[in-house]
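Student: Can you build the whole structure from these sequences, using the hints too?
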Amino acid sequence: MSKKLPNIDSEISNWYTDVVTKAGLADYGPVKGTMVIKPYGFQLWENVKDVFDGMIKKTGHVNAYFPLLIPKSFLAKEAEHVDGFAKECAVVTHTRLKSENDEIVVDPDSRLEEEVIIRPTSETVIWSMYKKWIQSYRDLPILINQWANVVRWEMRTRLFLRTTEFLWQEGHTAHKTKEEAQKETLDILDLYKRLAEEYLAIPVYTGLKTDAEKFAGADKTYCIEAMMLDKRALQAGTSHNLGQNFAKAFDVKFQTEDNNEEYVWATSWGISTRLIGAVILAHGDKNGLRIPPKIAPIQTVLIPIFRNTEQRELVEKYITSIEIELKQLGIRYFIDWSDSSPGFKFNEWELKGVPVRMEIGPRDVESNKLVIARRDNSEKLSISRDEIRDSLKTILDEIQNNLFNQAKVFRNENTHNVENYNDFKEIIKQGGFVKCGWDGSQKTELKIKEETKATIRCIPFDEKPEGLTCVYSGELAKHEVIYAKAY
RNA sequence: CGGGGUGUAGCGUAGUCCGGUUAUCGCGCCUGCUUUGGGAGCAGGAGGUCGGGAGUUCGAAUCUCUCCACCCCGACCA
252 MSKKLPNIDS EISNWYTDVV TKAGLADYGP VKGTMVIKPY GFQLWENVKD
302 VFDGMIKKTG HVNAYFPLLI PKSFLAKEAE HVDGFAKECA VVTHTRLKSE
352 NDEIVVDPDS RLEEEVIIRP TSETVIWSMY KKWIQSYRDL PILINQWANV
402 VRWEMRTRLF LRTTEFLWQE GHTAHKTKEE AQKETLDILD LYKRLAEEYL
452 AIPVYTGLKT DAEKFAGADK TYCIEAMMLD KRALQAGTSH NLGQNFAKAF
502 DVKFQTEDNN EEYVWATSWG ISTRLIGAVI LAHGDKNGLR IPPKIAPIQT
552 VLIPIFRNTE QRELVEKYIT SIEIELKQLG IRYFIDWSDS SPGFKFNEWE
602 LKGVPVRMEI GPRDVESNKL VIARRDNSEK LSISRDEIRD SLKTILDEIQ
652 NNLFNQAKVF RNENTHNVEN YNDFKEIIKQ GGFVKCGWDG SQKTELKIKE
702 ETKATIRCIP FDEKPEGLTC VYSGELAKHE VIYAKAY
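Per our numbering, the first sequence starts with residue 252, numbered consecutively.
No wet-lab data here; the hints were simulated from the structure.
Please note that the accuracy of each hint is not assured.
[Claimed, not checked] For lysine to aspartate or glutamate, the following EDC-like pairs were computed, each having C-alpha atoms within a straight-line distance of at most 16 Å:
1. K620 with E576
2. K382 with E513
3. K255 with D269
4. K308 with D438
5. K429 with E512
6. K659 with E649
7. K676 with E701
8. K578 with D641
9. K700 with E677
10. K328 with D502
11. K704 with E464
12. K471 with D536
13. K715 with E731
14. K444 with D713
15. K659 with D481
16. K499 with E512
17. K444 with D304
18. K659 with E448
19. K568 with E513
20. K482 with D260
21. K545 with E448
22. K465 with D334
23. K289 with D269
24. K545 with D648
25. K578 with D637
26. K545 with E297
27. K382 with D502
[Stated by the list, open to error] Label pairs and their in silico Cβ distance ranges:
28. S387 with N673: 56 to 64 Å
29. V660 with S635: 29 to 37 Å
30. V343 with L437: 36 to 44 Å
31. K700 with A327: 49 to 57 Å
In this text the structure is predicted, and so the values were computed from the model without any measurement.
Beta carbons are placed, not taken as given, at the ideal position from N, Cα and C, and that holds for glycine.
Tutor: Structure follows, in structure tokens:
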């Protein structure tokens, strides 16, 4: 393992891949674009998953599982949907291999009559089933979520941020009114915001996607948008109001209380393993990861220090008593008894982003103390053994808050209100978010994208378009929008 | 799919232009001893189809042809 990471300011792209692999989060899979999520990375994902799973269960949602394989014809039922996903679908055409001249080849006799696609998302299978399950208003709402993998054959991939196969949750709900579906869409978006801000410590802008940026098949797409360390935007979660589009495509109607027939109203929403990439790129520093305590696989790592066997025994005994206390406190901890030197371990666990490190050696045993080092601000302090009970949780909370605040200050400092196109281009060139007026035309949106590579990340809920003019056309602004270059 | 680049041990690399002993070095790995409060030291050791194939040659990591893989830039995207 090399001792230095690439410079995070000048080559963040290399820094990112290096951190991901060296910290043991993930590795490249054998097929291009695929990723192996290693135990440390998977625990991080599981923690995120558990938090969100708890949130949706509290709000009445249930988990289920739908098949990976979908009839090709299903995708085509919703016109926009097929347009959006056709270009990146993996297709299963055969069901058998055979040996031929010592080679394994596809058996041409096993060609499928109806080809099958690997889900890029599950709206179509799920709505084909909802057709069977929904007859009356009494069957509604359906609030189903699934944790699953999906495959989108992307041209350019990056670990966690964009992989051919990724893990996510996709919620698919069915409602009897437009209003109820809209409320669900926004309620979930709010959960996403809470997950991002309170747990991942990443501040997000929330708002509506433009028609050009919305999900293929949705009436409206809402999103949470985060700023990464290179001042680019990352879409961290989306919630869609699907209107009656999928109900119409799959002919899903229900009988209302007054015995009329109506199409069902739908939502879908998702967050993915991309969130891991967001955590890395929102909090990392020159020494590696900085993982927020609430989702950290290891919240505290203990580094024993000793010179000989007698000291080792003393330290071990002392650590055992601390360990009991950490268990009682419900802290996720790890004691690193490996053979490496303490200095090596300090750097190693900093790379892995563990929020708190405890250094415990003969001096500490002697004085009934221990050294605590914080990953967020590199502070080291010596506390007494008895202080662990009261202060460790406080310190972890402080780190959680500090990471959020640092990210928020950074984002706010790099979000600029802009009134003319020259300033706009300058900010986009330097990096950062731009808040400005937009005349609401897709033509303007496209022109700006062509000329600057920046896209409208969202129309924020708290927009104030009054009195603004469009930064490109100079016409009266229809919306205030956030522009940025995105991942 | 277009433009550019790179393939030598688990990782990173020298050697390639100008063919010639046993393919270089660092990290990592194994064994032993000494070490351990910010990336330990010494000694010994294991590990190679030089991306694959074909050709030129007395002789190829090095020259020629061909195939393959991966990376970067562009078009698509959570």
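Student: Compare the structure with each hint and give your call.
Tutor: Against the structure, the hints:
{"no.": "1", "hint": "K620 with E576", "result": "14 Å, holds"}
{"no.": "2", "hint": "K382 with E513", "result": "13 Å, holds"}
{"no.": "3", "hint": "K255 with D269", "result": "10 Å, holds"}
{"no.": "4", "hint": "K308 with D438", "result": "13 Å, holds"}
{"no.": "5", "hint": "K429 with E512", "result": "15 Å, holds"}
{"no.": "6", "hint": "K659 with E649", "result": "15 Å, holds"}
{"no.": "7", "hint": "K676 with E701", "result": "12 Å, holds"}
{"no.": "8", "hint": "K578 with D641", "result": "14 Å, holds"}
{"no.": "9", "hint": "K700 with E677", "result": "14 Å, holds"}
{"no.": "10", "hint": "K328 with D502", "result": "10 Å, holds"}
{"no.": "11", "hint": "K704 with E464", "result": "14 Å, holds"}
{"no.": "12", "hint": "K471 with D536", "result": "36 Å, violated"}
{"no.": "13", "hint": "K715 with E731", "result": "6 Å, holds"}
{"no.": "14", "hint": "K444 with D713", "result": "15 Å, holds"}
{"no.": "15", "hint": "K659 with D481", "result": "14 Å, holds"}
{"no.": "16", "hint": "K499 with E512", "result": "12 Å, holds"}
{"no.": "17", "hint": "K444 with D304", "result": "14 Å, holds"}
{"no.": "18", "hint": "K659 with E448", "result": "10 Å, holds"}
{"no.": "19", "hint": "K568 with E513", "result": "70 Å, violated"}
{"no.": "20", "hint": "K482 with D260", "result": "11 Å, holds"}
{"no.": "21", "hint": "K545 with E448", "result": "11 Å, holds"}
{"no.": "22", "hint": "K465 with D334", "result": "13 Å, holds"}
{"no.": "23", "hint": "K289 with D269", "result": "15 Å, holds"}
{"no.": "24", "hint": "K545 with D648", "result": "8 Å, holds"}
{"no.": "25", "hint": "K578 with D637", "result": "15 Å, holds"}
{"no.": "26", "hint": "K545 with E297", "result": "12 Å, holds"}
{"no.": "27", "hint": "K382 with D502", "result": "7 Å, holds"}
{"no.": "28", "hint": "S387 with N673: 56 to 64 Å", "result": "60 Å, holds"}
{"no.": "29", "hint": "V660 with S635: 29 to 37 Å", "result": "33 Å, holds"}
{"no.": "30", "hint": "V343 with L437: 36 to 44 Å", "result": "37 Å, holds"}
{"no.": "31", "hint": "K700 with A327: 49 to 57 Å", "result": "28 Å, violated"}
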